[in-house]
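Colleague: The lines below spell out each chain.
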Amino acid sequence: MPEEYTQIVTALKALTQGESPNTVTLPMAEDEWNTRPDTVSYGTVQLDFEVEALAGDDRKCVTAYECSVDLFSLQRSGAGWVELITATLTEYCGSCWSLNSHQYERETGLFHWEWTFQVEG
Amino acid sequence: MAFSFQVTGINELVSAMGRLGEEAPHVAARGLYDGAAVVADKVSHAVQGIATEPFKYAKNGKKRNPSPEEKAIVAGAKHGVAKFRYTGTEMQTSVGYQNAGYAKLGNKTKPVPQIANAINSGTSFMAKQPFMRKAFSQSKQAATAAIEKTILEEIEKLNID
Numbered sequence: 001m002p003e004e005y006t007q008i009v010t011a012l013k014a015l016t017q018g019e020s021p022n023t024v025t026l027p028m029a030e031d032e033w034n035t036r037p038d039t040v041s042y043g044t045v046q047l048d049f050e051v052e053a054l055a056g057d058d059r060k061c062v063t064a065y066e067c068s069v070d071l072f073s074l075q076r077s078g079a080g081w082v083e084l085i086t087a088t089l090t091e092y093c094g095s096c097w098s099l100n101s102h103q104y105e106r107e108t109g110l111f112h113w114e115w116t117f118q119v120e121g
Numbered sequence: 001m002a003f004s005f006q007v008t009g010i011n012e013l014v015s016a017m018g019r020l021g022e023e024a025p026h027v028a029a030r031g032l033y034d035g036a037a038v039v040a041d042k043v044s045h046a047v048q049g050i051a052t053e054p055f056k057y058a059k060n061g062k063k064r065n066p067s068p069e070e071k072a073i074v075a076g077a078k079h080g081v082a083k084f085r086y087t088g089t090e091m092q093t094s095v096g097y098q099n100a101g102y103a104k105l106g107n108k109t110k111p112v113p114q115i116a117n118a119i120n121s122g123t124s125f126m127a128k129q130p131f132m133r134k135a136f137s138q139s140k141q142a143a144t145a146a147i148e149k150t151i152l153e154e155i156e157k158l159n160i161d
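Those protein sequences? They're chains V and H, same order as listed. First residue of the first sequence: 1, per the numbering used here; consecutive thereafter. First residue of the second sequence: 1, per the numbering used here; consecutive thereafter.
A hint or two may mislead.
Claimed, not checked - Cross-link-like lysine to any residue pairs, in silico, SDA-like; alpha carbons within 25 Å at most:
1) Lys108(H) with Glu69(H)
2) Lys110(H) with Glu107(V)
3) Lys134(H) with Val40(V)
FYI, nobody ran anything at the bench for these hints, they're computed from the structure.
Isolated chain H (complex conformation):
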């Protein structure tokens, strides 16, 4: 499970980046890292807000909330900024649990991304708590501002008009 975001509408940065030449991907990567870190931090906070209840099987058509064990796995799992991908024109990364591995839940071993996804999107027996979507939506502005700030600082360091 991963989310990605795209930064658009910052024309002054785009024109400045155009003058950076070979340094542009490095500057973009530093900016993107700081922006993605804002989103990852927001996800960490959002995990704490997941409502739980002791594990029980969903009965009488009622959905259950995640158990404290499931929340602890998601909260303690490795989540953050993925490896950067440079396509030649774009620098991309994603924030999520895609490299979080496996965790023991009861007598079963389950992939952590599957547990996180079940909480985020819900299932036929578990109520959804879209903590990832919420964190992503609500950190968009702060992430864009962080990217812009870092890129401007890097451009200033390189002393390019």
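Bound conformation, chain V alone:
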């Protein structure tokens, strides 16, 4: 795992340990096979794929990976987690992140935010 990715995962998981907004917890799973917790909001973070690599001296020198964070919340505002997640991404990735999609699941009533960010491996 790229070190930068591990740092971000640790930082995102640390969000759940402090006093959370609206007294909800944000269980953060590191893979997509997380158990769906019975809470107002929860999130997942995962490393998606390799974006590009710079080669030099006949070997791969630098690799960039695209990763994503998903937040699911029953509240339209995201229960305060939107601000916390974007602040964490800015702290660790600078401007290398973006909100890829924001949608509403009619079947479950969940609002879904998806951020993507790139890390160097």
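Position chain H against the provided structure of chain V, taking the given hints into account.
Modeller: Then chain H, alone, in the frame of chain V:
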């Protein structure tokens, strides 16, 4: 669902385009079409890589993969290069499923862009498989090269120094 891309840093092309006058939008459109086609082709290939499993309801907190029917809808749907938009200074297009219409899934009719988006971004009950994002990211260089090649060929045809 659509993705767009911007080509920057090709100064020699920009200066040559400046001398084309009224022909510039046409030349830019031809270049952009070839570049967007590269991305659309990559999406077609990426669809084939979507992992599926027979449909089942997500249980015990586990997410499910798309069903073969969902994959077949996305693979068979109309996807490609959208209508070009010229803003006066920029030629824009997008690659995606925005005009793919509707498809019958089980006893429901669903918009194809919604199915494609559910696979690409995942849902609370479906694992994400970012085939669009992957295709887009990995075809950026090839698309830029195709645009540059076509524009240079068009400029040569017009015989402008």
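Colleague: With reference to the structure, classify each hint as holding or not holding.
Modeller: Comparing the hints with the structure gives:
{"no.": "1", "hint": "Lys108(H) with Glu69(H)", "in the structure": "13 Å, holds"}
{"no.": "2", "hint": "Lys110(H) with Glu107(V)", "in the structure": "13 Å, holds"}
{"no.": "3", "hint": "Lys134(H) with Val40(V)", "in the structure": "31 Å, violated"}
Of the numbered hints stated above, the single one contradicted by the structure is hint 3.
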